[in-house]
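Novice: Sequence:
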Amino acid sequence: MAPRASRSAALPAALAAVGLCAACHYSLSFAVPRTPVVRATQSGAFGQRQAIGASQTTRFSGAAAVAAPEPVEQEVPSVGLIAFQGLSLLAAITGGIYATMGSKVALQGFVGLAGLYVIMSVNEYLVHRYYQHLGINKTPLLRWLRKSFGVGNLASTGHVEHHAETLDDMTLDQKPQKILDADPFRGTAFSWSVTAVMTFEIALQSYPFLWLCGWSLKASTIALAVAMLLHAAVWQTLHPAMHELADPPLSYGMPGWSMAWLRKTAYFRFLWVNHEGHHRVAGAHGNYNVCCPLADHMFGTYVGIIPAKATNALCPAIAQ
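The numbering used here applies: residue -11 is where the sequence shown begins, and numbers increase by one.
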């Protein structure tokens, strides 16, 4: 018979695991879409998708797409459901830590992992809004530096042009922006060097935070590496293919096929339509989070899901 301590420790782990399984199993049943139901099929890399109920058709195909079979209705999960699934996963991990290492380490793990996610979500938001969208040029600090010392505005590195060539159905205009011609993925994918810079940026914030949570250097490094690789994998799986570009290969960055299974999940459908809203909203101001939803809700820039327009025109340009 197992000792009493082992039995009591196993109970929360079992409950957390059951909760996680239930969340995944019923993810589609409990989804309350905030937009029309989406018909999705899988063919080639993605298949084709039609949003019905809004009299629109949205392209949803990869480079290797073939003739699609009869579409199957799939709902876009709600924000609440996505949050519930994320918390269920965190609860399962915490329960496993509690069962093997005790309550103190479990609490440190819970706070550390939750905080690391917040750090990543906020950084994704700030970099996207203030660096990629050049929002920093509108800040009082840069205005003061510009007036007092003649500091110039931050120039676009290609992201503004990425928005400028994106059509309403997320495909790219046939009159592309020349600044992106040197990039085979036209500003939609992260190279290994960009991933390294992002990892360094997150490390500067996460190491002190995890140290305050009682994490060791080894545990912090492992968590940071896993988190950043997962972020890169989700981004590479989602973003280039949204714009009908090929999956980035391993020689370029985290390969797009690394999380191809994610493309069949409710989580992926949420990220997809969330990013469509980012391109479609006026001035591209909203839904800045791409892989780590949260910060848009914290800062009041979540705009929900915006249906496609009747005509496939260029999306609104970034407000300058």
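Think of the hints as simulated: they come from the structure by calculation, not from any bench.
Keep in mind that the hints are not guaranteed to be accurate.
[What the hints assert, rightly or not] Here are the simulated SDA-like pairs of lysine to any residue, each with C-alpha atoms no more than 25 Å apart in a straight line: (1) Lys126 - Ala270; (2) Lys206 - Leu226; (3) Lys126 - Ala298; (4) Lys252 - Pro295; (5) Lys126 - Pro295; (6) Lys163 - Trp180; (7) Lys166 - Asn141; (8) Lys92 - Ile107; (9) Lys206 - Ala221; (10) Lys126 - Leu238; (11) Lys166 - Leu95; (12) Lys297 - Met286; (13) Lys163 - Ala298; (14) Lys166 - Leu192; (15) Lys166 - Asp235; (16) Lys163 - Ser181; (17) Lys252 - Val67; (18) Lys166 - Pro237; (19) Lys126 - Leu114; (20) Lys126 - Tyr290; (21) Lys135 - Asp157; (22) Lys163 - Ala301; (23) Lys163 - Ile190; (24) Lys163 - Lys252; (25) Lys126 - Lys252; (26) Lys252 - Asp157; (27) Lys252 - Leu282; (28) Lys297 - His147; (29) Lys206 - Leu95; (30) Lys126 - Lys163; (31) Lys126 - Gly138; (32) Lys126 - Leu142; (33) Lys297 - Gly265; (34) Lys297 - Leu226; (35) Lys206 - His116; (36) Lys252 - Leu238.
Novice: Which earlier hints can't be squared with this structure?
Specialist: Numbers 2, 3, 5, 6, 10, 11, 12, 14, 16, 21, 23, 24, 25, 30 and 35, in rising order.
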